[in-house]
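Note that the protein sequences, when read in sequence, are chains U and G. Be aware that the first sequence starts at 1, since it is given in the numbering used here, and climbs by one per residue. Be aware that the second sequence starts at 1, since it is given in the numbering used here, and climbs by one per residue.
Be aware that a few hints might be false.
[Claimed, not checked] In silico DSSO-like pairs for lysine-lysine, Cα to Cα no more than 27 Å straight-line: (1) U:K123 / U:K41; (2) U:K213 / U:K254; (3) U:K66 / U:K123; (4) U:K19 / G:K386; (5) G:K278 / G:K32; (6) U:K213 / U:K109; (7) U:K137 / G:K45; (8) G:K373 / G:K386; (9) U:K109 / G:K332; (10) U:K193 / U:K15; (11) G:K212 / G:K432; (12) U:K64 / U:K247; (13) U:K213 / U:K15; (14) U:K9 / G:K386; (15) G:K386 / G:K230; (16) U:K41 / U:K9; (17) G:K278 / U:K60; (18) U:K9 / U:K19; (19) U:K15 / G:K386; (20) G:K32 / U:K41; (21) G:K386 / U:K109; (22) U:K137 / G:K294; (23) G:K212 / G:K230; (24) U:K247 / U:K41; (25) U:K109 / U:K123; (26) U:K64 / U:K254; (27) G:K432 / G:K45.
Source of the hints: derived by calculation from the structure; they are not laboratory data.
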Amino acid sequence: MMLKIENLKAGINGKEILKGINMEVGAGEVHAIMGPNGSGKSTMSNVLVGHPAYEVYDGKVTFKGKDLLELSAEDRSHEGLFMSFQYPVEIPGVSMTNFMRTAINEKRKYQGLQPLPPTEFLKLIKEKREFVKLDSKFMNRSVNEGFSGGEKKRNEIFQMAMLEPSLSILDETDSGLDIDALRIVADGVNRLKTPETSVIVITHYQRLLDYIKPDVVHVLYQGRIIKTAGPELALELEERGYDWVIKEYEDSRK
Amino acid sequence: MSAEKNYIDIFSQNRALIDKGSAGAMNALRDKALECFTRYGLPHKGLEEYLHTDVRSWFEPDWGMNLNRIDMHVDQAQAFKCNVPNLSTLLYFLSNDVFAASDTAANVQLPQGVIVCSLREAAERHPEIVDAYYGRLADMERPGVAALNTMFAQDGMLVYVPDGVVVEKALQLVTLLQSPVDLLTNRRILVVLGRQSQLTLLLCDHALAANKYLTTQITEVFAGEGSSLKLYDLEETHNANLRVSDYYISQEADSTIETDFVTLHNGRTRNSVYQTFKGQGSTLSLNGIAITDKEQHVDNMTFVDHRVSDCTSSELFKYVLDDSSTGAFAGKVLVRHGAQHTESQQTNRNICLTREARMFTQPQLEIYADDVKCSHGATVGQLDEKAMFYMQQRGIPMEESRMMLMQAFVGEVIGKVSLEPLRDRLNRLVEKRFRGELSQCEGCRACR
């Protein structure tokens with residue numbers, strides 16, 4: 001099992017947003033988490049990667065057999081958890097190369113390995129850069145500074161390719177992307193996919209799921225997963241909206 | 001005025017001794033200095049310009065001064081090792097205020113007419129230079145340390161570059177404070193650049209023994225027409241060090257000055273820069289960095305005077321304040337009537353790492369011309385938490401991400417240093433400083 005979430009209750013500033021999430025993601029699987037605005041999608045991804053502003057009130061998350069919630073944010077990354085940010089952060093003065101070198105070598109340190117020799121590091125950068133069609137000029141620039149929306153998202157996938165995570169969370173990766181950029185990003189994610197790695201796609205719309213095919217689709221509503229089904233659910237949601245699922249859920253609770 | 005009275009008494013009682021240990025123009029100005037000092041006194045918190053730094057209180061203890069010029073036996077080579085790879089400088093020393101050249105510098109043939117020597121010696125041997133420039137810029141007609149310094153200063157350094165001469169190699173002046181007892185030092189630096197001349201001057205301020213030191217340093221810089229000066233001032237002293245440094249800079253037409261004032265480690269510091277554009281077509285790049293922790297205090301005051309048209313000034317000062325340290329920045333840009341086509345930009349950005357750290361910033365712009373491009377801005381904030389979390393998600397530990405963000409923050413200022421080996425060294429020193437590996441100064445064996 002890649003990820004097992006049991007009765008996860010979490011929120012921010014004492015306000016409970018996730019009200020008991022249960023979910024299992026197997027190795028090699030792609031899961032989509034969909035839901036209307038304010039349903040808790042962002043909270044869920046932030047809690048999983050250990051954002052300091054979020055609080056966990058109850059429940060358990062097991063990642064590759066380890067208690068995920070016990071790990072610091074950086075150690076979660078070292079263990080193979082990656083999040084593609086909805087809004088990638090600009091870091092003026094820190095070059096992409098320096099940023100990536102530090103990230104890679106910190107991971108290696110965690111694994112008890114020596115830092116990557118500079119030539120190998122540059123080779124790795126080149127390979128992964130070409131993989132997502134990111135121009136070399138970006139490497140000397142500050143992280144995300146002056147990148148267009150599409151370049152920022154491509155940069156996220158580039159970092160994903162560099163760090164080779166076991167589980168990637170794509171948090172609203174499609175927001176602000178035109179169709180070409182969306183294709184490149186989705187193509188990158190698909191090609192990085194192996195039978196040992198898993199992906200959680202968090203999205204409001206079906207659009208991205210045309211390119212990244214989910215095995216399982218979950219609907220998140222008011223902090224709970226109210227429906228789980230196969231990929232056909234995403235299409236149905238696109239067609240009919242969320243109201244019918246919500247109604248179905250509310251009827252079942254009566 | 002008790003502090004002032006004390007210094008007036010010391011001066012009157014030791015006048016002969018002071019003169020004996022100095023020469024020429026330095027002695028000639030003392031009467032006027034006494035008169036000004038008696039009238040204006042020491043700078044204190046009641047004055048707008050010294051609102052955040054009570055310099056007068058620093059002078060209240062009964063400091064010893066080495067007016068009798070007892071040899072302190074500082075073995076520079078032994079005490080100081082400046083490891084600047086790739087930066088081969090001609091190295092000079094001021095031990096307290098006693099000038100010495102390193103062996104290499106002493107044996108090198110400087111370009112024709114270039115003088116680098118003790119100011120006292122210059123006052124005797126080159127009176128035509130010292131008489132013409134000494135004390136001509138330092139303003140004693142206001143509360144400050146210029147008058148007190150002029151009363152007591154007995155030595156320092158002269159750098160003179162004649163018209164048309166380019167000094168290829170950078171000059172490095174290491175000021176070392178070392179004494180068996182607490183000490184007040186008053187020293188002078190005089191830099192004169194002739195027309196179309198070029199010079200790079202790096203000043204490194206160190207304190208060797210762990211005594212308390214109070215130093216006043218007045219530096220007068222004359223940049224002749226078409227001259228180019230790169231001037232870097234780096235302080236790496238200790239927590240018990242008190243420094244008052246005044247720079248008076250005058251720029252003739254078409255001159256270019258690039259400066260960087262870096263406070264890497266200190267006790268309490270007040271740096272003032274008074275600059276004047278006297279001729280058109282000149283450029284000033286005036287930058288600074290202060291990194292402080294513990295109870296340290298750094299106050300940079302700059303005054304840029306656009307007296308004539310068609311000059312450009314740009315200023316960037318950045319502070320990173322940790323623990324309960326304090327910083328102050330006051331930058332005044334005056335664009336006088338008729339100074340058309342002035343371009344002036346001033347920025348002061350600061351990061352307070354703790355709730356106890358304090359920054360006081362006061363950008364001021366006064367414009368009396370209508371065809372100018374001027375801007376100024378100041379910010380005080382914290383490290384970007386979003387950026388820190390983004391880095392953590394990529395596996396960079398919190399402490400490391402803090403380091404990288406701080407380094408990046410001051411890196412913008414270091415990037416403006418055009419002397420590449422110095423830029424590299426500054427980056428390294430700053431990183432060490434942030435990592436807490438630079439508790440005292442990098443170059444001093446005494447601190448290790």
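**OP:** Could you check the structure against the hints above and give me the numbers of any it violates, in ascending order?
**Re:** Going through the list in order, the structure violates hints 1, 2, 3, 6, 7, 8, 9, 10, 12, 13, 15, 17, 20, 22, 23, 26, 27 and respects the others.
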